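Q: With the sequences and hints as input, model every part of the structure.
Numbering (the working numbering), first residue to last: 3 to 243.
Derived from the structure by calculation, the hints contain no laboratory data.
From a predicted model like this one, the values you see are computed outputs, not experimental measurements.
Errors might be hidden in some of the hints.
[What the hints assert, rightly or not] Below, in silico cross-link-like pairs of lysine to aspartate or glutamate (DMTMM-like), each with a Cα-Cα straight-line distance of 20 angstroms or less:
#, residue 1, residue 2
1, K223, D185
2, K132, D52
3, K132, D53
4, K223, E193
5, K211, D149
6, K211, E193
7, K223, D206
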Amino acid sequence: MSKKKKAYGVEYLFAALFLVIGAVVAGWYLTQSSVITGISVQGNYMIADDDVLAESGLQEGEHRDSVVFLDVIENVERIPWVASAHMNMSPSGNVRIRVEEEDPIALLVDGPRNALVTDSGVQLPVILGKVVDVPILYGFDVTGQPDTLSGSHFEQARDFLTSVREYPGLYAMISEVMVTDSDGVVALSDENTVRLTFGTGNFDDRIRKWQAFQSQVIPEKGMQSVRSLDFRFRGQIVARE
Numbered sequence: 003m004s005k006k007k008k009a010y011g012v013e014y015l016f017a018a019l020f021l022v023i024g025a026v027v028a029g030w031y032l033t034q035s036s037v038i039t040g041i042s043v044q045g046n047y048m049i050a051d052d053d054v055l056a057e058s059g060l061q062e063g064e065h066r067d068s069v070v071f072l073d074v075i076e077n078v079e080r081i082p083w084v085a086s087a088h089m090n091m092s093p094s095g096n097v098r099i100r101v102e103e104e105d106p107i108a109l110l111v112d113g114p115r116n117a118l119v120t121d122s123g124v125q126l127p128v129i130l131g132k133v134v135d136v137p138i139l140y141g142f143d144v145t146g147q148p149d150t151l152s153g154s155h156f157e158q159a160r161d162f163l164t165s166v167r168e169y170p171g172l173y174a175m176i177s178e179v180m181v182t183d184s185d186g187v188v189a190l191s192d193e194n195t196v197r198l199t200f201g202t203g204n205f206d207d208r209i210r211k212w213q214a215f216q217s218q219v220i221p222e223k224g225m226q227s228v229r230s231l232d233f234r235f236r237g238q239i240v241a242r243e
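A: What follows is the structure, given as structure tokens:
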């Protein structure tokens, strides 16, 4: 046998050995990556990690093939505070569940009962120890269970609150909101407890008038003597002392 043939034989042997080792490593890697090695939750503040993990039903050591990701997402999205959920699994087997929580616009107060409410009217449970800085909204029933508010009064309150949130400085001044048949949306400012009447509709224009009043009049005259401001009238602000 020539040296050339011997060289080819050695090369073939090493190539075959390399393929076998590669297959073993690839098989081990695929086996490892198809098993859940860890689970983490991201994006949550109101909801505890344990609540998300329990609702997901996932377990470390579980094989990837036995998990239906869409079912896991649907389970997590059943949690009242979860607006949406997403998940992915890394090659090393780490599962990440990312949740987007609901964004409440007000705290409903109905006697001893209370609940947070979103702009779509969904009532959310208040979670002890979790702070949400939103105005109090009076005049609506709190059912004590997941429920959705509707009706013209809630629509007016929602439209006002979503509009005034575009003005963080003004929004931070509002402590309470209610809707009446006669005056529409009425808010109380936590600065000197001033009654602010916004009526119904056209809130952007009326909020801009409030902003102008705050920036142009208050620096000169202050709020000490002002008891109420009415923004319902075109081209003017009615101030009562």
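Q: What are the numbers of the hints that this structure violates, sorted from low to high?
A: Checked against the structure, the hints that fail are numbers 1, 5 and 7, while the rest are satisfied.
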